[in-house]
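J.: Residues per chain are reported as follows:
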Amino acid sequence: MSLLYRIQHPRDALVVEGSMPITSLYTVGIAGERFFREIMEQARLFATRCPECDVTYLPPRLYCERCFSQLDEWVEAPATGRVHTYTTVHIDLDGNPLPEPRTIAFVRIDDTDGGIVHYLGKVDPSEVYIGMGVEAVFKKKSERKGSITDIAYFRPV
Amino acid sequence: MKEHVYDTVYLRGKDFEEGNVLFETWDPNARYAWDTGVGMSRFLQELKAGRLVGAQCSGCCRVMVPPRMFCEHCFLPTDAFVPLQDTGTIVTFSLCYVTWDMIRIKEPQIPIVVAIDGASPGMGIMHLLGEIEPDAVKIGMRVQAVWKPAEERTASITDIAYFKPLEQGGSQ
Amino acid sequence: MSGNRVAVVGAGMTKFVRRAQETAKELAWEAASKALESCEMTLDDIDAVVIGTAPEAFDGVHMNSEYLSDGCGGWGKPVIRGYVGGGTGVFSPIQGWYHVASGLFDTVLVVAEEKMSSCQPHPQGAFLTIFDNFIERPLEPNLLWIFALEMNAYMNRYGLSKRDIATVSVKNKRNAADHPAALLGDPNITVEDVLNSEVLAWPVQRLDVSPVTDGAVALVMCAEHVARRVTDKPIWVEGVGWSLDSAYWTNRDLSYPTYVEEAARMAYDMAGITEPRKQIHIAEPYDPFDYKELHHLEGLLLFDKGEAPRAAADGVTQRDGDLPVCPSGGLLGVGNPIAAAGTMKVAEIFWQLRGEAGARQVPGKPKRGLAQAWGDLMQVGTVIILGA
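Residue numbers (my numbering), protein chains in the order written: chain X, 21 to 177; chain D, 74 to 245; chain B, 58 to 445.
Errors might be hidden in some of the hints.
With a Cα cut of at most 27 Å, we get these calculated DSS-like pairs of lysine-lysine [claimed, not checked]:
1) X:Lys161 with D:Lys237
2) D:Lys75 with B:Lys424
3) D:Lys121 with D:Lys179
4) D:Lys211 with B:Lys219
5) D:Lys211 with B:Lys362
6) D:Lys179 with B:Lys362
7) D:Lys221 with D:Lys237
8) B:Lys362 with D:Lys75
9) D:Lys211 with D:Lys179
10) D:Lys221 with X:Lys165
11) B:Lys219 with B:Lys424
12) B:Lys219 with D:Lys75
13) B:Lys134 with B:Lys219
No wet-lab data here; the hints were simulated from the structure.
All values reported here derive from a predicted model rather than from experimental measurement.
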């Protein structure tokens, strides 16, 4: 039957709609708790260092992915860095035009081996270049809630 | 082996409510539209017409419900849709007092697996049982589909509102 | 035994908790680093990594094993993730076994992790999608239905009472009181407590069910020449087996897990076991619900069909009985972070065979044990046999 049977009319090609009714709740974790609290309370960036492997992790990690040792050495990192790469986005997730294009950069944070993906602000997209020096602009303390969006954006130094 | 257990940090609900711990939430907003496919489309259209059908395999001769395009035992295409009856036998049941998100309900839902008459032995589908006191449900009980009125049917398994106990003298 | 000889030489785990503060990868690292430490190995000694985790929807991270990989020790290494539902926790060590038995790698780190507390309001929201989208989900089912339906079919076939089955929950929660990682150990629980607990989906009551849990477990597995160097107590993998039935769960006899028997026969054949009831000294069958332990003991051919409940009532499966079953405390007592729960059972057999299980140690120096997991739409069995 199945080799011969065909759906003859579009009305017979049924579709059933559904969803997965869940909300994901993510704790920021042991290292993340300290990282985001420093941002929220002090507007400072902190990294963890592995002296063995000479790697400074930002965002900080609880452990070194290379040697697997627990990282206890916390170091303050400057809130400055360089644009490692960037893109300018003109549409939203659904493909609709944004009112204004947004430039997103991967910012390598100075004195660390890591970096943060964030928005660039106070700069015309056409003037952004790889290697550009930038700094984090933190929201006002009263608006910070322990999230990566406590940094409003990075702007040219 | 106690030394091989890491002392993981345990949180309580109030740690979230009182701001003792930082977290983010995200609603994946994942909405799907599943094509019902060849075998199931026919099954659902037949439900709309008030009928149950199975599919037969020429290899093992099983009459299978729900119907499928191929027999998973013989790995052959099935050969024909076969009309089934809308009666059957309760294979197993439960009396359920909670919803999926663990909200309590007073009158239990009665999910059953019902082996459908006309299909091969043991071939059942899951559905709900109604028109019965929870205490009276028994495995082996004979049941019959209660169909929604034709104009309310939508080619869905819920075109059968539920199964109810088959009255004495009902068809076998 | 097919392939090269493979040993388990190290094991470690997190505490099993209701809600962990750690991220999923931090949990994985806690378990993996404990496992390496237990056999005095470092990440440099590891050739490849096997990751076990259930559907992405629990952790809420798509590409979950890739996200977890650095916490599992996978940085710059061959990494694989396997998934067979609740059977994953035993399947991951099976994958670890064939990585080494094949001769491809000498040392493998196996890490299983689950953070179910990420899934709100309840992990059941994700479990809903295991039901058929067309003929089951429109009925608005919940996961408890399938367990309740299977449990009732099992009870009805053999004329079992709730009391016959509740002894399993009591045994496991009492055993778990001696497990340093346990979430629900209770040395004083009684059969009456189980029978009087809230009815969720009859015949399933609150204390028949294992809890939603966060946790991770890791094992170090290696080739014989490495094992001889790193430990004087290697525990050998003697047999592995796995089998799946189809997802048409309403088409089969729910009173017997045929797929578990198929997996067990594969593992027994590999291990040269002809009389499992004499040759298996301890067992860790999968026990997300109390009746499942009995159901699986029968599928594993360790008891005749319908006979496991009587043996349990007679004390045969107690820690000091003839066949200690779930001396760890099982999922009912230690907890049920899906994939990690099965690997916890393999770790328990490892510790028991080495005589390192502390207060949980079964007497009589057991020489061979079995761990088994189960999952999906009541369709998969995974079995591993370890020997001292």
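J.: Does each hint fit the structure? Answer for all of them.
T.: Now the hints, each set against the structure:
no.: 1; hint: X:Lys161 with D:Lys237; result: violated (64 Å)
no.: 2; hint: D:Lys75 with B:Lys424; result: holds (22 Å)
no.: 3; hint: D:Lys121 with D:Lys179; result: violated (31 Å)
no.: 4; hint: D:Lys211 with B:Lys219; result: holds (16 Å)
no.: 5; hint: D:Lys211 with B:Lys362; result: holds (22 Å)
no.: 6; hint: D:Lys179 with B:Lys362; result: violated (36 Å)
no.: 7; hint: D:Lys221 with D:Lys237; result: holds (13 Å)
no.: 8; hint: B:Lys362 with D:Lys75; result: violated (37 Å)
no.: 9; hint: D:Lys211 with D:Lys179; result: holds (21 Å)
no.: 10; hint: D:Lys221 with X:Lys165; result: violated (53 Å)
no.: 11; hint: B:Lys219 with B:Lys424; result: violated (34 Å)
no.: 12; hint: B:Lys219 with D:Lys75; result: violated (35 Å)
no.: 13; hint: B:Lys134 with B:Lys219; result: violated (49 Å)
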